[in-house]
Amino acid sequence: MTAAFLRAMIAVARKDFRAEARSRELLSLMGLFSLLSILIFSFALELNRTARLEVVGGVLWVTILFASILGLNRGMALEREGGGMDALLIAPIPRGAIFAGKLIGNFAFAFTVGVLLTPIMSALYTVPALQPSVIGALALGTLGIATVGTVLAALIGATRARDSLLPILMLPVALPVLIAASRASGGLLTGAANADAGAWLLGLALMDAIYLLVCGALFGFVVEEG
Amino acid sequence: MALIEIEKLVKRYGFVPALRGIDLAVERGECVTLIGANGSGKSTLIRLLCGLSKPTSGTIRIGGWMIPGEAEAVRAQIGLIAHKPLLYEGLTGRENLVFFARLYGAKPDRVDAMLERVGLSKRADDPARAYSRGMMQRLSLARALLHEPDVLLFDEPYTGLDADSSATLDSIILETRAEGRTLIMALHDFERAARLSSRIVLLARGKVAHDSAEQGAAVDAAALAALYAAAGGSSGRINP
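Protein chains in written order, with this note's numbering: chain A, 1 to 226; chain B, 1 to 240.
Pulled out of the complex, with its shape left as it was, chain A reads as follows:
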């Protein structure tokens, strides 16, 4: 990684943070959706405490995945509004730096929403969500989701049906991350089978590494007009 690559990557990520700090559009959209989602799940599962504990990991990750899709769609719409993506593509910087910069922003927003959800999960589902291992699982899971989402959002950015296409494309691709993250978080939140949770966390880290390599290599092809 060269100094020019790092400079461009940091500039792209800083640009996204600065725009978000001013508008707070993505975080409020993703945060509000997540809050409503876990409240609805909580009410739906209210009468059955066992069921609540069994699905708590799934509730957390389905909520984070859909919130991320919302954020990615809106983020890409903001990028397209004034031709921002074209402006990035005509700059003399590696495509990989654009990918890495956008990924940092997308990961940070999804992770922040996940962390903000943990005390609410603790209160609603009476599980110990505020613990370092759960936060670690959140970091690994949101990294996988953001990695896949950054490439897919760029891929469908030029299509007309982009808003509906992202979830259709992203759900199957992100499914392995979703399963591993749900299993790891579920084990950690309920305190059951912590050894299993450790194995799922390791699997999640491996998946992240593979997704990072593959998506990083694909991004340049995805954004190039043939």
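In case anyone wonders, no lab produced these hints; they're calculated from the structure.
Computed from a predicted structure; not experimentally measured.
Idealized CB from N, CA, C, for every residue including glycine.
Please note that a few of the clues may not be correct.
Across the chosen pairs, the derived CB separations fall in these ranges [unchecked claim]: (1) A:GLY96 - B:ALA2: 55 to 63 Å; (2) A:ALA44 - B:GLY14: 43 to 51 Å; (3) B:ALA130 - A:ARG160: 26 to 34 Å; (4) A:ALA158 - B:THR159: 18 to 26 Å; (5) A:LEU35 - B:GLY180: 56 to 64 Å; (6) A:GLY136 - B:SER171: 25 to 33 Å; (7) A:LEU218 - B:ALA230: 27 to 35 Å; (8) A:ALA3 - B:ASP125: 25 to 33 Å; (9) B:ASP109 - A:ALA123: 48 to 56 Å; (10) A:PRO132 - B:ASP109: 43 to 51 Å.
Example chain A residues on the side facing chain B (calculated, C-beta under 10 Å, incomplete) [claimed, not checked]: (11) ARG7; (12) ARG22; (13) PRO128; (14) PRO132.
Dock chain B against the given chain A, drawing on the hints supplied.
Okay, now just chain B, sitting in the frame of chain A:
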């Protein structure tokens, strides 16, 4: 050797040909206007020149660098002004320029100099979404000139501009010409094309139908309108 050399350039979108064998050489300091009906290939040619699109076949060389093989080096020499501003509306004018200065490795003091040059110093800290269309286009010019590119590409930059903003853009284009930069513009306005350019290339159905450099004659707006009509176009404007 010409600064920009285009040979046998072909671009197809699927089975639809957009450019069908363009040969063009542009010398340093020339101001070339591409005119032609919608779909004649002007914007496609501009997108290929700035590396936003890849040729199906043929070669493009800018300053000796090949596209797409050495596109990153080519992009450092190019500034693009399109009908979209290529800016971030959520950032202020100054933040936009600081961001692009970082991407292009331009000196930070260029930001204030460019804001001054396009007359946006007093509104530099307003969000770009509060800018009028004319102000956005001036900020877009500042962005394109930040890194002092050798080549400036304009893709219908007057779209949506009022008379005052168009006049400001005219004067900045003339200034950049005087600085010795090479300009390639895609326009629909014959009068403006004749006034601003040193050379006019008429595109029709993806081919060069007329090149004023080859004809060796100055071209006025009326002559352009006649050439345009002969090439099958009908909607070009003689007056702004």
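Against the structure, the hints:
| no. | hint | result |
| --- | --- | --- |
| 1 | A:GLY96 - B:ALA2: 55 to 63 Å | violated (32 Å) |
| 2 | A:ALA44 - B:GLY14: 43 to 51 Å | holds (47 Å) |
| 3 | B:ALA130 - A:ARG160: 26 to 34 Å | holds (29 Å) |
| 4 | A:ALA158 - B:THR159: 18 to 26 Å | holds (20 Å) |
| 5 | A:LEU35 - B:GLY180: 56 to 64 Å | holds (59 Å) |
| 6 | A:GLY136 - B:SER171: 25 to 33 Å | violated (59 Å) |
| 7 | A:LEU218 - B:ALA230: 27 to 35 Å | violated (47 Å) |
| 8 | A:ALA3 - B:ASP125: 25 to 33 Å | holds (30 Å) |
| 9 | B:ASP109 - A:ALA123: 48 to 56 Å | holds (53 Å) |
| 10 | A:PRO132 - B:ASP109: 43 to 51 Å | holds (46 Å) |
| 11 | ARG7 | holds (6 Å) |
| 12 | ARG22 | holds (6 Å) |
| 13 | PRO128 | violated (38 Å) |
| 14 | PRO132 | violated (34 Å) |
Comparing the model with each earlier hint shows violations of hints 1, 6, 7, 13, 14; every other hint is respected.
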